[in-house]
Amino acid sequence: MKITEMESILCPCQQAATTSLPMIKDKLSLMKQEHVLKYYDKLSLQQMEDLLSQISSINISLVNELIDMGMANREPHPRLEPPHVIPIKDERHQEAKEKGEKALRDGKVACFVVAGGQSTRLGYNLPKGTFGVGPVTNKSLFQYHAEKIAAISRKYNTQIPWYIMVSRENNKQTRDFFQEHRFFQLQASDVIFLEQGMLPAIDFNGKLIMNSPANIAMSPNGHGGSLLCLKENGALDTLKKQGIEEIFYFQVDNALVRIADPIFIGYHQLERSQMSTKVVPKIHPDERVGVLGYINDKLGVIEYTELNDEERHAVNPDGSLKFMAGNTAIHMLNVEFINQLISNGFHLPYHAARKKIPYIDENGKMVKPQEINGIKFETFIFDALKYAGHSVVMEVDRQEEFLPLKNMSGQNSPETVRHDLIRLYNSWLKAAGGFEIGDYPVEVSPLFAADKEEFVERIAGRKIRIQHEGLYIE
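Residues in the sequence shown are numbered consecutively from -4, following this note's numbering.
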């Protein structure tokens, strides 16, 4: 499928097509989706217009492809092999760091964060990036990331454009949050919001699901939609005009992401990689995380469910797990690589997820199903790895760079995230010749130090005073 066939459904920047009712009826007839207009005559004029506009924006061939894929049987088990991984202690780290620092000083790097999710699993009905995680300040994930970008920009005397991919659901809330906080001292012109596209949901009979008489159930097209978003919003052209060659990509929920890490950037450029990935060793064989590996000779992410029991527990001669390279969703992407993919009719594969999807019944009443009743579709950014001619897979320390916020309680919850941040900052104090203060709240602003080495250098000779609410160093 060519990009021209996909753009209308994948990108929110589309122009609305004609909303002529006879043409819409013909279109639905071709798609065998006539039920979409079942309640049309009972709608208000505005609802009629909105529904016709939504239908007109949907691409017939894409919907048919999604239906065929959703109904298809699972493919045979692929041939899997582990990747080559650059270890944490690698002799070329200093060379890579210098290469990455030059790229930053020369203004060759932009940042991109995927931030389209709400915080429903956290019991918090706002964009996840607005969630407070600071052990002392309760500063938000967005503020942590903004301060890291500000610190890197200051350190290397450069400006780093920050692209934030939002969803239709949280677009306004996210923009308002940045306005209220004055963009966390970043230049407003350097913070660019892009809205990701949407894909329709279907039931197990291949019919579009209606979640109201006037609306087709849609869901965000996944983090793989980021590449199309860059293209369709003109961001790729802007990046090229600015002389930016590389994009540092991450997800908003990772409180410890080392944004624009010069070592990672350096390895990516030294190897002339088109797409690179940071990984962390799996904690145990059954940790539910995707791992980097070769899938039928193409690099990609092997989902947890794609590894059988034997593969999950397979070990190397030294006893380490064969498939150990846990995906962190931290990537470097070459701008020209993205542009070439899209120019050549780029098509990331769609992934089907069986979900409980609210729908309207025969009487037009909303139903929240107790059982899985339909299929949502999304694309994944890591599927672009298979198209990259060169890739770097770099191991990092989980305790220093990977701390995702996912759940209300238990692992990856606000409590454990704050606890692990305190543990990390305590280790910095200890490395600086100071003392540890246990579980007492301690927090270091990224504006003060981005990592342990910088902290040790900057804290020397500075008096530290612990306040009642905790120790905060900025």
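In case anyone wonders, no lab produced these hints; they're calculated from the structure.
We treat Cβ as the ideally placed atom computed from N, Cα and C, and that holds for glycine.
Incorrect hints may appear among the rest.
In silico lysine-lysine, DSBU-like type, Cα no more than 35 Å apart, as pairs [claimed, not checked]: (1) Lys92 to Lys293; (2) Lys94 to Lys350; (3) Lys317 to Lys27.
With beta-carbon atoms standing in for the labels, derived distance ranges [what the hints assert, rightly or not]: (4) Thr233 to His30: 14 to 20 Å; (5) Ala347 to Pro280: 23 to 29 Å; (6) Arg74 to Pro280: 16 to 22 Å; (7) Thr233 to Arg149: 39 to 45 Å; (8) Tyr35 to Glu164: 24 to 30 Å; (9) Asn358 to Thr233: 26 to 32 Å; (10) Gly238 to His176: 25 to 31 Å; (11) Gln113 to Thr233: 41 to 47 Å.
Status of each hint after checking the structure:
Simply put, Lys92 and Lys293 have alpha-carbon atoms about 28 Å apart, close enough for the 35 Å limit, and the pair holds. About 45 Å separates the Cα atoms of Lys94 and Lys350, which puts this hinted pair outside 35 Å; it is violated. For the suggested pair Lys317 and Lys27, the alpha carbons sit about 48 Å apart, so the restraint of at most 35 Å is broken. Under the hint 14 to 20 Å, the C-beta atoms of Thr233 and His30, about 42 Å apart, miss the expected range.
For the pair Ala347 and Pro280, the beta carbons lie near 26 Å from each other, so the given range of 23 to 29 Å is met. Judged by the Cβ atoms, the range 16 to 22 Å given for Arg74 and Pro280 holds: they are separated by roughly 20 Å. Thr233 and Arg149 have their C-beta atoms about 23 Å apart, which leaves the hinted 39 to 45 Å range violated. For Tyr35 and Glu164, the Cβ-Cβ distance of about 25 Å falls inside the hinted range of 24 to 30 Å, so the restraint holds.
One distance hint, 26 to 32 Å for the beta-carbon pair Asn358 and Thr233, is violated here, with the actual separation near 50 Å. Between Gly238 and His176, the C-beta spacing of about 29 Å keeps the proposed range 25 to 31 Å intact. For Gln113 and Thr233, the Cβ-Cβ distance of about 28 Å falls outside the hinted range of 41 to 47 Å, so the restraint is violated.
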